[in-house]
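Protein chains: 2
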Amino acid sequence: MKAYSIDFLEEIPKYIQIARHIKNLIELGEIKDEEKLPPIRKLSDFLSVNNDTIVSAYKKLEQEGYAVQKIGSGSYAKQKDTNRRLRREYTETFKRIRNESSSKYIDFAGETSCNVVFPMENFKEVINEVIDRDGVNALVNQETLGYIGLRRSISKYFWNDKSRAEDILIVSGAQQGIDIVSKAIINVNDNVIVEKPTYNGALFVFKWRGANIFEANMENDGINLEAFEKIVKKNSIKCFYTMSYFQNPTGMSYSYAKKIEILKLAEKYDFYIIEDDYLSELIFDEKVKYQSFKSLDENDRVVYIKSFSKIFLPGIRLGYMIVPKKIEEAVESSKVNTDISTSSLMQRALDLYIIKGYWRDYIQNLKITYNKRYKVMEDTIKDILKDKVSFNSPGGGFNFYLKIDKSIGIESDKLFYKCKQKKVFISPGVLFYRNSEDGAKFFRIGYSQTEETKIKQGIEIINKILE
Amino acid sequence: MKAYSIDFLEEIPKYIQIARHIKNLIELGEIKDEEKLPPIRKLSDFLSVNNDTIVSAYKKLEQEGYAVQKIGSGSYAKQKDTNRRLRREYTETFKRIRNESSSKYIDFAGETSCNVVFPMENFKEVINEVIDRDGVNALVNQETLGYIGLRRSISKYFWNDKSRAEDILIVSGAQQGIDIVSKAIINVNDNVIVEKPTYNGALFVFKWRGANIFEANMENDGINLEAFEKIVKKNSIKCFYTMSYFQNPTGMSYSYAKKIEILKLAEKYDFYIIEDDYLSELIFDEKVKYQSFKSLDENDRVVYIKSFSKIFLPGIRLGYMIVPKKIEEAVESSKVNTDISTSSLMQRALDLYIIKGYWRDYIQNLKITYNKRYKVMEDTIKDILKDKVSFNSPGGGFNFYLKIDKSIGIESDKLFYKCKQKKVFISPGVLFYRNSEDGAKFFRIGYSQTEETKIKQGIEIINKILE
Numbered sequence: 000m001k002a003y004s005i006d007f008l009e010e011i012p013k014y015i016q017i018a019r020h021i022k023n024l025i026e027l028g029e030i031k032d033e034e035k036l037p038p039i040r041k042l043s044d045f046l047s048v049n050n051d052t053i054v055s056a057y058k059k060l061e062q063e064g065y066a067v068q069k070i071g072s073g074s075y076a077k078q079k080d081t082n083r084r085l086r087r088e089y090t091e092t093f094k095r096i097r098n099e100s101s102s103k104y105i106d107f108a109g110e111t112s113c114n115v116v117f118p119m120e121n122f123k124e125v126i127n128e129v130i131d132r133d134g135v136n137a138l139v140n141q142e143t144l145g146y147i148g149l150r151r152s153i154s155k156y157f158w159n160d161k162s163r164a165e166d167i168l169i170v171s172g173a174q175q176g177i178d179i180v181s182k183a184i185i186n187v188n189d190n191v192i193v194e195k196p197t198y199n200g201a202l203f204v205f206k207w208r209g210a211n212i213f214e215a216n217m218e219n220d221g222i223n224l225e226a227f228e229k230i231v232k233k234n235s236i237k238c239f240y241t242m243s244y245f246q247n248p249t250g251m252s253y254s255y256a257k258k259i260e261i262l263k264l265a266e267k268y269d270f271y272i273i274e275d276d277y278l279s280e281l282i283f284d285e286k287v288k289y290q291s292f293k294s295l296d297e298n299d300r301v302v303y304i305k306s307f308s309k310i311f312l313p314g315i316r317l318g319y320m321i322v323p324k325k326i327e328e329a330v331e332s333s334k335v336n337t338d339i340s341t342s343s344l345m346q347r348a349l350d351l352y353i354i355k356g357y358w359r360d361y362i363q364n365l366k367i368t369y370n371k372r373y374k375v376m377e378d379t380i381k382d383i384l385k386d387k388v389s390f391n392s393p394g395g396g397f398n399f400y401l402k403i404d405k406s407i408g409i410e411s412d413k414l415f416y417k418c419k420q421k422k423v424f425i426s427p428g429v430l431f432y433r434n435s436e437d438g439a440k441f442f443r444i445g446y447s448q449t450e451e452t453k454i455k456q457g458i459e460i461i462n463k464i465l466e
Numbered sequence: 000m001k002a003y004s005i006d007f008l009e010e011i012p013k014y015i016q017i018a019r020h021i022k023n024l025i026e027l028g029e030i031k032d033e034e035k036l037p038p039i040r041k042l043s044d045f046l047s048v049n050n051d052t053i054v055s056a057y058k059k060l061e062q063e064g065y066a067v068q069k070i071g072s073g074s075y076a077k078q079k080d081t082n083r084r085l086r087r088e089y090t091e092t093f094k095r096i097r098n099e100s101s102s103k104y105i106d107f108a109g110e111t112s113c114n115v116v117f118p119m120e121n122f123k124e125v126i127n128e129v130i131d132r133d134g135v136n137a138l139v140n141q142e143t144l145g146y147i148g149l150r151r152s153i154s155k156y157f158w159n160d161k162s163r164a165e166d167i168l169i170v171s172g173a174q175q176g177i178d179i180v181s182k183a184i185i186n187v188n189d190n191v192i193v194e195k196p197t198y199n200g201a202l203f204v205f206k207w208r209g210a211n212i213f214e215a216n217m218e219n220d221g222i223n224l225e226a227f228e229k230i231v232k233k234n235s236i237k238c239f240y241t242m243s244y245f246q247n248p249t250g251m252s253y254s255y256a257k258k259i260e261i262l263k264l265a266e267k268y269d270f271y272i273i274e275d276d277y278l279s280e281l282i283f284d285e286k287v288k289y290q291s292f293k294s295l296d297e298n299d300r301v302v303y304i305k306s307f308s309k310i311f312l313p314g315i316r317l318g319y320m321i322v323p324k325k326i327e328e329a330v331e332s333s334k335v336n337t338d339i340s341t342s343s344l345m346q347r348a349l350d351l352y353i354i355k356g357y358w359r360d361y362i363q364n365l366k367i368t369y370n371k372r373y374k375v376m377e378d379t380i381k382d383i384l385k386d387k388v389s390f391n392s393p394g395g396g397f398n399f400y401l402k403i404d405k406s407i408g409i410e411s412d413k414l415f416y417k418c419k420q421k422k423v424f425i426s427p428g429v430l431f432y433r434n435s436e437d438g439a440k441f442f443r444i445g446y447s448q449t450e451e452t453k454i455k456q457g458i459e460i461i462n463k464i465l466e
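So the sequences go chain by chain: A and B.
Here the first sequence is numbered in numbering that gives the first Met the number 0, starting from 0 and rising by one per residue.
Here the second sequence is numbered in numbering that gives the first Met the number 0, starting from 0 and rising by one per residue.
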């Protein structure tokens, strides 16, 4: 029974909290499909609530499709089968594509820059220089905050010394950044706001911490401020998780005005902003100006997380964070107790790679290649899919988030399966919502893994399926 | 108030649960030193318990030194100052020593093999071979379970194919192993058993998961079985965390009989054994036979975690796990949502390093060097400190765990500070216990960072302080 225990909040009806809690258990697989839910009497005793409260909770679960009643026997959990199966198939497909060296798939789901020619000789050069320069130190040193050289380079080349090396913490990629800051600041029943839709890996972390997750819709210039403000006024919020540029999956970026407004709210209502800056290097439309929450933050409210894995080399597993002074010690302790430190050699190699200007050159080349692909994808969608989908141009990043026209009777999970049969790999919208139905009409396609001719082929195939 | 909410368990008096919870909050720093605790009425309302229950809880906290009462004003939290300050000083000293290339310290606290000459040319050779062989794949591939080549090598060279490559999961060091398996199997209020004393980094992870931690004393042949059995009989246990060889900090290893007994209990009472195997390569006494829990496990109960950081190169951040079939999927998902995957290049380099036999050669050399140091340290303690401390010979590993004779009026935290003044760095026992007083008479010294002449010098200094 222990899994069913709940810390009730005052402001929300208990039956809703119970239903939400059980839904979570089902989604996380802790209650299995067709597992019997506790008898009403037993659960009401256990939670010290009325029988009616449990009845209402079970009814709500039924309405949402997470439970079925069997007459004379009780209520049973129902896995949202399509979704779980879908997630598994999606992950499996990813693995398969990664393992096949020359993929037969047209991959519109990948989100890393690994398909662009990378000048390996530069990397070989820096890694050998590091080994010759630092010797065994490059392999034995465990620096909690990260290699000081790399932290200095990040400060100098990416922040013009505005953020100092002492304030930079190296992490093993942005996912780890989200994990360790959450361990440092989020406790059971703390409230977190996310964009809707959002990145699933972040949701996973917040659920691990036992957080209550609130969402507000993502719009073309950032999260819906009205809904956002309503949430922060009514609930004591610990943090807001945002992808400020080319939000995943919508591709939208925040306006200056919205960033300023949210920073003000953070100060007024005392919460942190976790800014996941994963793709801001890829701005193609000059209307999109780069100004991170972090750079606009005057009150030390922003936890800035930068991934190098999306734009650079995913396999090196590097990123960095800049966190508010107040929580520096807690985040550092969180890093130690998560994985001690990040691989030292890779940090030293990246440092030298940046110092020698290879990073800059590589990103410049990448932008040229990707700008072309971006245009091809945008034009092809407009050209071929024009009556079948609607979308907003992101102005950069990897992805386009497309809404299937209501005249077309297919939902994104079906579209995923049909595309997969034709060896086209897309990301169905259902993956990005806590309530998967909200994504039924959306899908995401990106070009990071796919050359121009294949982009056209792939979209042709999607077009045929939509017909 | 939210931080104060508790899921009460039935079997334990509420006032104890409340005191324990508040103690946790204080230890974690969530309640600050001298922060006022909630008024009795307010907390009793909030938790729906009697006023008396809160009074008893605050009294207990006072007795344990976590609260003080100020007449007419209420109760105030009390940080166990020495302990918090001590931990900070200990960590700071670690950092300082790591950063000073030629240390002025005699380091008896370090626990990695980084001070032994490492044949860097072999490593340079394998890393270049990998780059030439795999090209950019070595930098872009993200394999959740880890690089298949390394997993095959681990299966072949370390397990004689008894554990298969498919069952091996590469992690970024053992600390991460503990973190991700805990996320996969431990939920709020789950019960975990640990050895007393134990590794602080593991305790941290279990506390993050909101676990209830039970402890039983570590003896010369493993955990006290009577106490252990009492706990598993009375409480539904999720897992038992153990360091089967050269337990940290006691240095003791499990007898065959105790391992078998615990495996039986795990099957009977349905819990997992998390086996942290971090130093079993360093067996010097032939009476110590290597047989991991994992190798004796017939019921798929053992989560085996192997660190390469202690014995090999800490800066490469690699280790691996073998987990029970039942939880494989959950652990894999946990890995993805923690840091996606582990650095691919380092895995490939280690793989080739093993295949070429360099690993074997290195470990053999290491054992020779360390065996000498082990003997020197053991003899010097027996020789110089004989009337001042008592200890059991571990028969291997890095560390000796010494008990200060009761005739000597110094406690281990004071000893730590005094040693530090003399540039000798030891690990005071108070670091390894949940209730730090339990470690007042113990300290740990190890030779992994310290050559023979310095071992003698260091122990001479400790001797003078104890006099």
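It is worth saying that the hints were derived from the structure and are not from the lab.
Quantities reported herein were computed from a predicted structural model and do not represent experimental measurements.
Don't take every hint at face value.
As the list makes no split between identical chains, a pair holds if one copy fits it or if it spans any two.
Taking lysine-lysine and the DSS-like style, the derived pairs with C-alpha atoms no more than 27 Å apart in a straight line are [unchecked claim]:
no., residue 1, residue 2
1, K69, K288
2, K232, K41
3, K1, K325
4, K324, K293
5, K1, K324
6, K94, K324
7, K453, K263
8, K381, K206
9, K455, K288
10, K58, K232
11, K77, K35
12, K123, K161
13, K257, K325
14, K1, K13
15, K123, K355
16, K1, K402
17, K1, K206
18, K366, K263
19, K455, K94
20, K267, K123
21, K31, K58
22, K77, K103
23, K41, K233
24, K1, K232
25, K229, K419
26, K402, K421
27, K41, K13
28, K1, K463
29, K325, K31
Hint by hint, here is what the structure shows:
no., hint, result
1, K69 <-> K288, "neither (57 Å within a copy, 57 Å between copies)"
2, K232 <-> K41, "between (36 Å within a copy, 24 Å between copies)"
3, K1 <-> K325, "between (35 Å within a copy, 20 Å between copies)"
4, K324 <-> K293, "within (13 Å within a copy, 44 Å between copies)"
5, K1 <-> K324, "between (38 Å within a copy, 24 Å between copies)"
6, K94 <-> K324, "between (39 Å within a copy, 19 Å between copies)"
7, K453 <-> K263, "neither (45 Å within a copy, 58 Å between copies)"
8, K381 <-> K206, "neither (38 Å within a copy, 53 Å between copies)"
9, K455 <-> K288, "neither (29 Å within a copy, 64 Å between copies)"
10, K58 <-> K232, "neither (30 Å within a copy, 37 Å between copies)"
11, K77 <-> K35, "within (10 Å within a copy, 46 Å between copies)"
12, K123 <-> K161, "neither (31 Å within a copy, 36 Å between copies)"
13, K257 <-> K325, "within (25 Å within a copy, 46 Å between copies)"
14, K1 <-> K13, "both (17 Å within a copy, 16 Å between copies)"
15, K123 <-> K355, "both (13 Å within a copy, 21 Å between copies)"
16, K1 <-> K402, "neither (42 Å within a copy, 41 Å between copies)"
17, K1 <-> K206, "both (17 Å within a copy, 17 Å between copies)"
18, K366 <-> K263, "neither (34 Å within a copy, 60 Å between copies)"
19, K455 <-> K94, "within (24 Å within a copy, 54 Å between copies)"
20, K267 <-> K123, "neither (50 Å within a copy, 54 Å between copies)"
21, K31 <-> K58, "within (19 Å within a copy, 43 Å between copies)"
22, K77 <-> K103, "neither (36 Å within a copy, 64 Å between copies)"
23, K41 <-> K233, "between (33 Å within a copy, 22 Å between copies)"
24, K1 <-> K232, "between (33 Å within a copy, 17 Å between copies)"
25, K229 <-> K419, "neither (41 Å within a copy, 54 Å between copies)"
26, K402 <-> K421, "within (21 Å within a copy, 70 Å between copies)"
27, K41 <-> K13, "both (16 Å within a copy, 21 Å between copies)"
28, K1 <-> K463, "neither (51 Å within a copy, 54 Å between copies)"
29, K325 <-> K31, "between (41 Å within a copy, 13 Å between copies)"
In summary, the numbered hints that this structure violates are 1, 7, 8, 9, 10, 12, 16, 18, 20, 22, 25, 28.
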